[in-house]
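Protein sequence lines correspond, in order, to chains C and R. Position 23 of the first sequence, counting from 1, maps to 23 under my numbering, and the rest follow consecutively. Position 101 of the second sequence, counting from 1, maps to 101 under my numbering, and the rest follow consecutively.
It is worth saying that the hints were derived from the structure and are not from the lab. Computed from a predicted model, the values in this text were never measured in an experiment. The C-beta atom is built at its ideal place from N, Cα and C for all residues, glycine as well. Take these hints with a grain of salt, some might be off.
One side only, chain C facing chain R, incomplete, derived with CB under 7 Å [as the list claims (entries may be wrong)]:
| no. | residue |
| --- | --- |
| 1 | V50 |
| 2 | Y54 |
| 3 | G56 |
| 4 | H83 |
| 5 | A86 |
| 6 | A88 |
| 7 | T91 |
| 8 | L130 |
| 9 | S131 |
| 10 | F133 |
| 11 | P137 |
| 12 | I157 |
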Amino acid sequence: MTETIEKPTEAEIWQWLDAVPDPEIPVISVVDLGIVRGVEWQGDTLAVAVTPTYSGCPATSIISMDIETALRDHGIDKIRIAHQIAPAWTTDWLSEKGRAAMEKFGIAPPTDAKGPDHCPHCGSKHTEKLSQFGSTPCKAQWRCKDCLEPFDYFKCI
Amino acid sequence: MTRDEALFDFLLRLGDNTLILGHRVSEWCGHAPVLEEDIALANTALDMIGQTQMWLGLAAEVEGKGRDADTLAFLRDAWDFRNLLLVEMPNGDFGQTLMRQFLFDAFHSVLLGRLMTSSDERVAAIAAKASKEVAYHLERSADTVVGLGDGTEESHARMQAALDYLWPYVGEMFRADAVDAEMVAAGIAPDPAGLREEFDGITTRVLSEATLEIPASSFGHKGGKDGSFHTEHLGHLLCSMQWLQRAYPGCEW
Numbered sequence: 001m002t003e004t005i006e007k008p009t010e011a012e013i014w015q016w017l018d019a020v021p022d023p024e025i026p027v028i029s030v031v032d033l034g035i036v037r038g039v040e041w042q043g044d045t046l047a048v049a050v051t052p053t054y055s056g057c058p059a060t061s062i063i064s065m066d067i068e069t070a071l072r073d074h075g076i077d078k079i080r081i082a083h084q085i086a087p088a089w090t091t092d093w094l095s096e097k098g099r100a101a102m103e104k105f106g107i108a109p110p111t112d113a114k115g116p117d118h119c120p121h122c123g124s125k126h127t128e129k130l131s132q133f134g135s136t137p138c139k140a141q142w143r144c145k146d147c148l149e150p151f152d153y154f155k156c157i
Numbered sequence: 001m002t003r004d005e006a007l008f009d010f011l012l013r014l015g016d017n018t019l020i021l022g023h024r025v026s027e028w029c030g031h032a033p034v035l036e037e038d039i040a041l042a043n044t045a046l047d048m049i050g051q052t053q054m055w056l057g058l059a060a061e062v063e064g065k066g067r068d069a070d071t072l073a074f075l076r077d078a079w080d081f082r083n084l085l086l087v088e089m090p091n092g093d094f095g096q097t098l099m100r101q102f103l104f105d106a107f108h109s110v111l112l113g114r115l116m117t118s119s120d121e122r123v124a125a126i127a128a129k130a131s132k133e134v135a136y137h138l139e140r141s142a143d144t145v146v147g148l149g150d151g152t153e154e155s156h157a158r159m160q161a162a163l164d165y166l167w168p169y170v171g172e173m174f175r176a177d178a179v180d181a182e183m184v185a186a187g188i189a190p191d192p193a194g195l196r197e198e199f200d201g202i203t204t205r206v207l208s209e210a211t212l213e214i215p216a217s218s219f220g221h222k223g224g225k226d227g228s229f230h231t232e233h234l235g236h237l238l239c240s241m242q243w244l245q246r247a248y249p250g251c252e253w
């Protein structure tokens, strides 16, 4: 009976997931963050593979719950969320859209240079590290030496 | 000892190191000298607890007796723990905590680097994940050891005292036993003795930059990684860490 209901395509599902905000940085989606690693129909069950950013990140279980809720809201009942750790998450998987939204929100996006390229508030290149760690496992605390504002830097891993 | 029994023990060693040190470091939460350090310590602890879930989760799977990471963490008693003695040592002052962290991070980073090429894909995957986090831990603990060692007269004296106190717990990291031999034979893990050179490279460089002197004595305590002789400190730690599950078995929220 359920066979007659047309399953949403994987592309549609990616679009829905792109509307699920990251619980800590709500201006970017879980897809922007690069933690949704796969979406696949396995019979009438939708399998979603999610990878944690940091192994102890407390947001991981909330993210899985949010993904499940969003998919249920779109009428998908059978969902299997699998946690995968390999290959390990990297900030290279952040989308361009996500990086831009992050900067607009006041978080400096990751760079290869062990620190932010510029202050997300005033654009100055004169910045200094306050602490290797910040408000969430994925961020460090920096400060701008020109506008003197502190800001979060999304660590590059 | 079968290969899986040895692997189970080996995974407990990895998971118990991060569990016990993660708990120790979390004891600082709300007590660190400045807010940034408080946050950094809590984040480091969080990473280690996350790594614990993976190592002990895999240990439980390998054991195949229906236990899980939580049962292993909360329902074993001191003699079943397989962590290095170093990680159960008390926090002491902030300097002693950071010295302990630096010595462990140096060892941990070298070990994880080798485990990334383990013949066991599950071990290699966890090592690859943890290794990225530990690179950050090492950078920070090394920087702090240099900052405090090469700091004021007071901070220098405290860091030297911390190094003198903790150095006798370093040797245990590199002592091999039957479990290690089995892991080496299976290509799962390196011989611990072979990690020493790289470890010495890191510690010699950082400690000399910190103007600290490595103690001359090669005396070493042992008994943590094989569970034969833990310090009295572990029991007290477990008392507080396991209290809830002991008082209210199976409690969840």
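Need the list of violated hint numbers for this structure, in ascending order.
1, 4, 7
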